[in-house]
Structure formats: structure tokens, C-alpha cells
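Keeping their order, the protein sequence lines are chains A and B.
Just so it is clear: in the first sequence, position 191 is 190 by this note's numbering, and no numbers are missing.
Each number in this note's numbering corresponds to the 1-based position in the second sequence with 184 added.
Simulated from the structure, these hints should not be mistaken for laboratory data.
Among the hints, a few may not be true.
[Stated by the list, open to error] Simulated crosslink set (EDC-like; lysine to aspartate or glutamate; CA at most 16 angstroms straight-line):
| hint | chain 1 | residue 1 | chain 2 | residue 2 |
| --- | --- | --- | --- | --- |
| 1 | A | Lys337 | B | Glu226 |
| 2 | B | Lys218 | A | Glu314 |
| 3 | A | Lys316 | B | Asp259 |
| 4 | B | Lys218 | A | Asp360 |
| 5 | B | Lys383 | A | Glu277 |
| 6 | A | Lys3 | A | Glu71 |
| 7 | B | Lys383 | A | Glu367 |
| 8 | A | Lys290 | A | Glu238 |
| 9 | A | Lys458 | A | Asp448 |
| 10 | A | Lys316 | B | Asp213 |
| 11 | A | Lys241 | A | Asp360 |
| 12 | B | Lys269 | B | Asp400 |
| 13 | B | Lys298 | B | Glu341 |
| 14 | B | Lys391 | B | Asp259 |
| 15 | A | Lys279 | A | Asp294 |
| 16 | A | Lys316 | B | Asp303 |
| 17 | B | Lys256 | A | Glu277 |
| 18 | B | Lys186 | B | Asp303 |
| 19 | B | Lys257 | A | Glu277 |
| 20 | B | Lys234 | A | Asp375 |
| 21 | A | Lys241 | A | Glu363 |
| 22 | B | Lys385 | A | Glu39 |
| 23 | A | Lys427 | A | Asp356 |
| 24 | B | Lys383 | A | Glu372 |
| 25 | B | Lys263 | A | Glu277 |
| 26 | B | Lys263 | A | Glu363 |
| 27 | A | Lys3 | A | Glu94 |
| 28 | B | Lys383 | A | Glu266 |
| 29 | B | Lys263 | B | Asp204 |
| 30 | B | Lys298 | B | Asp400 |
| 31 | A | Lys316 | B | Glu394 |
| 32 | A | Lys316 | B | Glu226 |
| 33 | A | Lys221 | A | Glu277 |
| 34 | A | Lys419 | A | Asp356 |
| 35 | B | Lys385 | A | Asp375 |
| 36 | B | Lys218 | A | Glu367 |
| 37 | A | Lys28 | A | Asp360 |
| 38 | A | Lys279 | A | Glu238 |
| 39 | B | Lys218 | B | Asp259 |
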Amino acid sequence: MTLKREEIVQTLEKILSPEQVVTELSVLKESSIDRFRRFEGYHGVYLQPFPAAVVYVNNSQEVSEVLKFANENGINIVPRTGQSATEGGLETAAENSIVLDGSRMNKIVKIDPYNMQATVQCGVPLQKLDDLLREQGFTTGHSPQSKPLAQLGGLVATRSIGQLSTLYGGIEDMVVGLEAVFPNGQISKIKNVPRRAAGPDIRHIVIGNEGALCFITEVTVKIFKFFPENNVYLGYTLENMKTGFEILREVMVNGYRPSVARLYDPEDAAYHFSHFSEGKCVLIFIAEGAKPLADATAGAIREIVDESGACTPVEPKLIQRWFENLNWDPSDIAEEKKEIIETKNICNTTEISSNWDRIHDIYEVCMERIRNEIPDLTMLGAHSSHSYLNGTNIYFVYFYNVVNCGAEEEITKYHLPIKKIVVEETIKAGGSMCHHHGVGKHRTHWIKDEYGSSYYMLKTLKDAFDPNGIMNKGTIFPIED
Amino acid sequence: MKVLTCFKVVPDLTLLTDEDWQVVNNQVDVGFVKNDWNPFDESALEMTLKLSELSESLSGSMELTAVSVGNKKIDSFLKTLLALKFQHAVRIEAEQDLRFNPHQIAAWLAGYVKKSHQDVVVMGVQSGVGDNAQTPLLLAEKLGWPSITQVIGIKPEKNGCLRVTSQMDDGVLEQVIKPPVVLSVGNAPNSFLRVPTLKDKLNYGKKSVEVIIPTDIIVDNTTEAEIHAPKLIKLSAIENQRDSVKIQDGTPSDKATILFNRYLKQRLKKL
Ligand SMILES: Cc1cc2nc3c(=O)[nH]c(=O)nc-3n(C[C@H](O)[C@H](O)[C@H](O)COP(=O)(O)OP(=O)(O)OC[C@H]3O[C@@H](n4cnc5c(N)ncnc54)[C@H](O)[C@@H]3O)c2cc1C
């Protein structure tokens, strides 16, 4: 029997307290979408079913009780923390959903410098944790552009990655242990050890689940010594992306680990570096860590770049100032909103990855197709920002003017057709359609192609942990009739 | 009607760190941060485009020219304006630091206005790099034209007139005027310039930027400009600290009441 909206709210108020259950219409509207539909939201268009309530939980027990109630009554749960999601992960796709907000669970539980790990609740903002660590000479090493916005629960749930990933890894390399609550109310804690061979690594069931399997309540991450004074900034301009990918590959396969390794195509470079790129590609490295390591890494990269004979060095300060201002805080979001409303010009992105042998082909074909097939583009660029031994990512960035259509058509006229091109071309070339923003609700269409025969394993996780399908309907797993 | 919009490209000073604020050779080095439209000029440019659109149905099209003073680094900005359908994009060639020399800029602009027979000049009130807030008035003086300051809106009227809205200390003034006029744009509600499509960049951006050598438009103002050229000698930081009080006791509602009664009520009354 499905419960009515009022019954859901009443029960939630009993499980928690009335103060924790928010039903104000404006809050419900805004909680029905995330940044994927921000153009609609900025124009007052809300097409998703409004949730029954947004509930603020204070501890794992409360999470457990809310989940149990939802599970027993088939109510959709949308977990959230920092609300910086970009792929529709926060859209309330089902009627009378409960948005389960963990942002009040914001205690830093323990900083353990001897064992080099920090334990925090899911609602701790990454900026807060990292600032605190840096005061003590440490860092999480995690630096997504959304660092001033995102919180640890969401960062783990999306398998996020930061700008320093080439040295410190993605969040999956940082998480030591965690606590998660499953739809049946089960609270599971994975202990914090350096490594173990006691069966499969179950952390990976939780990391990247996007709220579609469980709710993350606590996370323990590694911490690293922080030596900003040793940072070496390197920047170059060069003619083409192909050479740039080759240089990135050379750095990686020779075992060097700069924290930042980024390659911008001419359009994206003109957007970020108009003051020096002069229509060329831009290649950037930052070497960091203990001084001998940082110096050796920078020295080796200089040699590799010099040997290519293709690059012109630029003043390191140009790179340093750019890097220091890369992150987005709430004031940037507010400014962007104003600009979008005034100009009807909006930026969106799609990020993919592939092995070295196909990355340039993917870049070329996507750029060509988007340029030819999509109307009203005002900018189309791309950069590689996370490199690995066997390949790298591409982050396609596109701005377009939304013209001759209503706000509700922005996604179907522009964003989704672009995403479709990027995703289909990437999967065709054997790459992955999602590098770090998660699948959300708008790439689920291709999830079976993404996984191939291993989709069996993914689907079995969903069936096992969320048999009633109450966790973030339509996220990762498509809604099927 | 020929409308000239003057703009300046400025470094984004918010990207500088404290250590960057040093005077070396009478300059602060701002070369390593990104440049952008001067915000007031950005409003002026968008206002001009809107004015032109509105006038099309009323009194026929306008001839739009955008002009800036500087070296070829600003050409990409001028190209953007061509893509936005300014018919002419003009750069008055200058390599020197003119941040604190509105007299020089105004003299060159006046020279160009006369040479190209403009009817209306639209420009931002000031730019963050020199903060002189003098160029529009100096330009009006050199041209012998009237000027309206703190403009926040321009609309076309019949018979070659313009309806200009501007902010005054005690309200908003709307007046219908007959050009010539220099309009100095203040805190306009619309502050962003529209963005040209890649297609328009390709189609219209091909037109080249007209480069003008100052000696072609001006003859004898060098002495005046030199007299007025100040030099940057010293910088001192502005104290940005504010006092703060923490309202500690009571429920959120109590705290809100205290906040309102003690701090907000008086301010609201003033408004
Ligand atoms: C300006 C900007 C820059 C960005 N840059 C980067 C970047 O550099 N790298 C990167 O990886 N991402 C980036 N992102 C994307 C986004 O910030 C990340 O995905 C981030 O991890 C989301 O964290 P959050 O706390 O905001 O999560 P939310 O937005 O609240 O949620 C994100 C997803 O995780 C789920 N979720 C949230 N909390 C929990 C929980 N406690 N348990 C289970 N599921 C949960 C939600 O249901 C949703 O599907 C950027 C976003 C913006 C707006």
C-alpha cells in the first residue's frame, strides 16, 4: 500500500523531530533537481515530482530508521550532502521521495597523524577538513574544483577525483574505511587497515554508489604531509593535442608522478589562459611533495618536454596564479546564475576516459561531431586533467546560447545530444563514458553498453542491497518498466 | 545614428595575492592574471547592442563602433565585438601604461570621435585599474558635448532622440535628449555582455580590427597629457577588517529578533 504524502511526513516527524523534516514548497522545488537542470531551475521551471520532504539526519541510527521506514513502504530515497552534483543524481525521479540530507552530520571524528588518517562524518565539507589538516602540516590530497562546495559523503558516493590526482589518486585511493547504512536499516562499518586479503574489497560497493545502494554516514581517508613550499609549477604552450597526449604518456609511463598534469586544447586554453595561450594548446604540470621528490619530478618532466621539441615554456607564476583560483565557491555559483539568467548562455561538461591508444581519436571525433551537429554553440573545448599509467581522461566543456526554445527544452535540445555524441563515441572506442562525475540519471541509458558482460555483477549488487528499489531511483540503473 | 562604445580590457585584480602588490618601475605587474572586460564597459557594450536592436523597428539601424586603447593583446576582445555585429572594431595603438592618464585617453578618443563623425558615445564610468572616473567627463569636455552620468538604460525615441535613464542621489531620472551626447554608464541592472556563437565568430570575426596610430587622430595634446600623467610611487593596503558580534543566547527565533532589532531595523528605516 502506498502512503500518502501527509502520512510520509507525519511518520518522518515521529521518527525524527518536526524540526528535522522540511516541507516548505520552495525547498521541495529546489530539492527536486541539481546542477544538471539548473537552467530550468533558474527560470522557475521544475518538472520533476517534488519530494514529500527533505529530512536532516543527525546520526547513523536516524539514517537507519528512515531507510527502514522507506524500504518497508516503497518510498524513494535521494541521499545528499553538499548538493554540488552535476549529473542529475539529486533529481527526485519518483513521486513523494524523501531527500535524506546528511549535511548536519558534520563532525570531524578523529585526526590521527600517527596512522596518517582522518575520520569524518558524511556532512563534513572537504574544504573544512583540508584547511584544518593544512594548519597541522597535512592534506587530504583531494582537490576537486568543487572543494568549497562538496562534502565527504557525496565525494565518496560519486567516486570523485581532484586536481592533484596524478600523485594522490582519486577518492577510491584515499578511502581507508567507512560506515554505510543499507535500505533494510543495517549499519555496516568497514575497518581502517592498510590492506587486507580477506575476500573482495567491499569498500568498492559503497564508493561510487551515488546513493543507489546505501547511505554513507562516515568516512576515513588517508592524510599526507603537505609541503606547498616545494611546489614547482611548469607551463608550456604547444601546437596540437596529439603531441600533448604523447608527452603526458611519456611522463606517466616513465613513472613520474606530478600532482597536476593537464593538457588544454586551444579553445579551452583561450578560455582559461587568454593572457598567454595565443591560440595554442597549454600543457601544465605541478610537482609537489618532499623537496628531493618534487625537484626530481620537475627535472624529469622538463627533460621529457624538452626532448619533444614541441613546447614553449611560460612563466611559472602564470600557472600558479591560475591554479590558486581554480576552485568554485558559493559566490561563483551565484555569479554564474546571474550571468546565465542575463545572457541565456550556459556551460556544461561531459568527462570520459580511455587508454592512450584511442584518446586522441575520441577527442577528434567528438569535437568534429559536436561542432557540426549542435546549434548555438559559443565555445567548445576540452582538456585532459587526470592521467594514469595506461591512459587519461578528457573533459569536454561546452557553452551554448539557449535560443528559440523554452527553458524546459535546454536539456533535450543541447546538453543531451552533446552527451550522447561523447558517450557513444567513447564507448565505441572502448573507453569509459564517466570519468568522475558519476552516471547520475542521464547516462543510465548507456549503462549496459558501458559494462558489457560485467553488468551482471553491477545489477546483482542492486538486487541484493536494494531489492525494493528505493535508493535513488533512476541513478546508475535506468528506470525500467 | 552613429554610436561609439568605448571599452577597456582589465586584468582580474581579484586573482592577485598580497605579495603581488608591489611597485616595480612605477608599475604593479598584472601580466600574469587573466584579462576581462571592464565591468562598467561590459554593461555599456550590452546596452549599446540592446539599443541598436530596439532602434531597428523604430528608426532604422544604427552604425555601431567599438573602440579601445591598447596593444594587440586586446584584439581578441575586439573580434568578439565584431562577432556580436558591431560594424567596426577599432584599436588605438598604445604600448604605454595609461592607467592613470585619463587625459591622454580622452584626447585620443575625442580625436577619433571627430574623425569618424560619431553622434553618441557610450562608455563605463570608470575602470578598476585606474579608478580615475574621469574619462567620460574629460571626453565630453574636449568634444564640447553634454554628458549624462550614472546611466542605467538607453532607449531609442523618434526624431533621432534617445530616452536615457540615469541614477541620481535621490532617485532615477528619465530624459529624452537629442545627440550628440556622452553617456557614462554606472551600475546598470544588466551587467553581462551576450556571447557570440562559434558560427558568428567564424562569419563576422573574419573582419579585421582597424588599428589607428594616435598621431593620425590627434595633433597637439602631448604636453597636456604629459602634465597630467601621474606616476605610481607607493601602495598601501586598505584595512578591510570589520567588527563582529556573535549573538549567542536563545533559540534561532530569539537570535533573529535580536539581529533585527539591534542591527537591521535602523538600516531599513534609513532606506
Ligand atoms: C563547480 C563544480 C566543480 C566540480 N568539480 C569536480 C571535480 O573536480 N571532480 C569531481 O569529481 N567532481 C566535481 N564536481 C562534481 C561534484 O562536486 C562531485 O560529484 C561531488 O563529489 C559531489 O559531492 P556533494 O557533497 O556535493 O554531493 P551531492 O551533490 O549532495 O550528491 C552527489 C551524489 O552522491 C549521492 N550522495 C550524496 N551524499 C551521499 C551519502 N551520504 N550517501 C550516499 N550517497 C550520497 C547523491 O545522491 C548524488 O547522487 C564539480 C561540481 C561543481 C558544481
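Here is how each hint holds up against the structure:
no.	hint	verdict
1	Lys337/A / Glu226/B	holds, 14 angstroms
2	Lys218/B / Glu314/A	holds, 14 angstroms
3	Lys316/A / Asp259/B	violated, 24 angstroms
4	Lys218/B / Asp360/A	violated, 31 angstroms
5	Lys383/B / Glu277/A	violated, 20 angstroms
6	Lys3/A / Glu71/A	holds, 14 angstroms
7	Lys383/B / Glu367/A	holds, 14 angstroms
8	Lys290/A / Glu238/A	violated, 32 angstroms
9	Lys458/A / Asp448/A	holds, 13 angstroms
10	Lys316/A / Asp213/B	holds, 11 angstroms
11	Lys241/A / Asp360/A	holds, 9 angstroms
12	Lys269/B / Asp400/B	violated, 26 angstroms
13	Lys298/B / Glu341/B	violated, 24 angstroms
14	Lys391/B / Asp259/B	holds, 12 angstroms
15	Lys279/A / Asp294/A	violated, 27 angstroms
16	Lys316/A / Asp303/B	violated, 45 angstroms
17	Lys256/B / Glu277/A	holds, 11 angstroms
18	Lys186/B / Asp303/B	holds, 5 angstroms
19	Lys257/B / Glu277/A	holds, 9 angstroms
20	Lys234/B / Asp375/A	violated, 19 angstroms
21	Lys241/A / Glu363/A	holds, 10 angstroms
22	Lys385/B / Glu39/A	violated, 27 angstroms
23	Lys427/A / Asp356/A	holds, 13 angstroms
24	Lys383/B / Glu372/A	holds, 12 angstroms
25	Lys263/B / Glu277/A	holds, 14 angstroms
26	Lys263/B / Glu363/A	violated, 26 angstroms
27	Lys3/A / Glu94/A	holds, 10 angstroms
28	Lys383/B / Glu266/A	holds, 14 angstroms
29	Lys263/B / Asp204/B	violated, 31 angstroms
30	Lys298/B / Asp400/B	holds, 12 angstroms
31	Lys316/A / Glu394/B	violated, 33 angstroms
32	Lys316/A / Glu226/B	violated, 28 angstroms
33	Lys221/A / Glu277/A	violated, 40 angstroms
34	Lys419/A / Asp356/A	violated, 22 angstroms
35	Lys385/B / Asp375/A	holds, 11 angstroms
36	Lys218/B / Glu367/A	violated, 28 angstroms
37	Lys28/A / Asp360/A	violated, 42 angstroms
38	Lys279/A / Glu238/A	holds, 5 angstroms
39	Lys218/B / Asp259/B	holds, 15 angstroms
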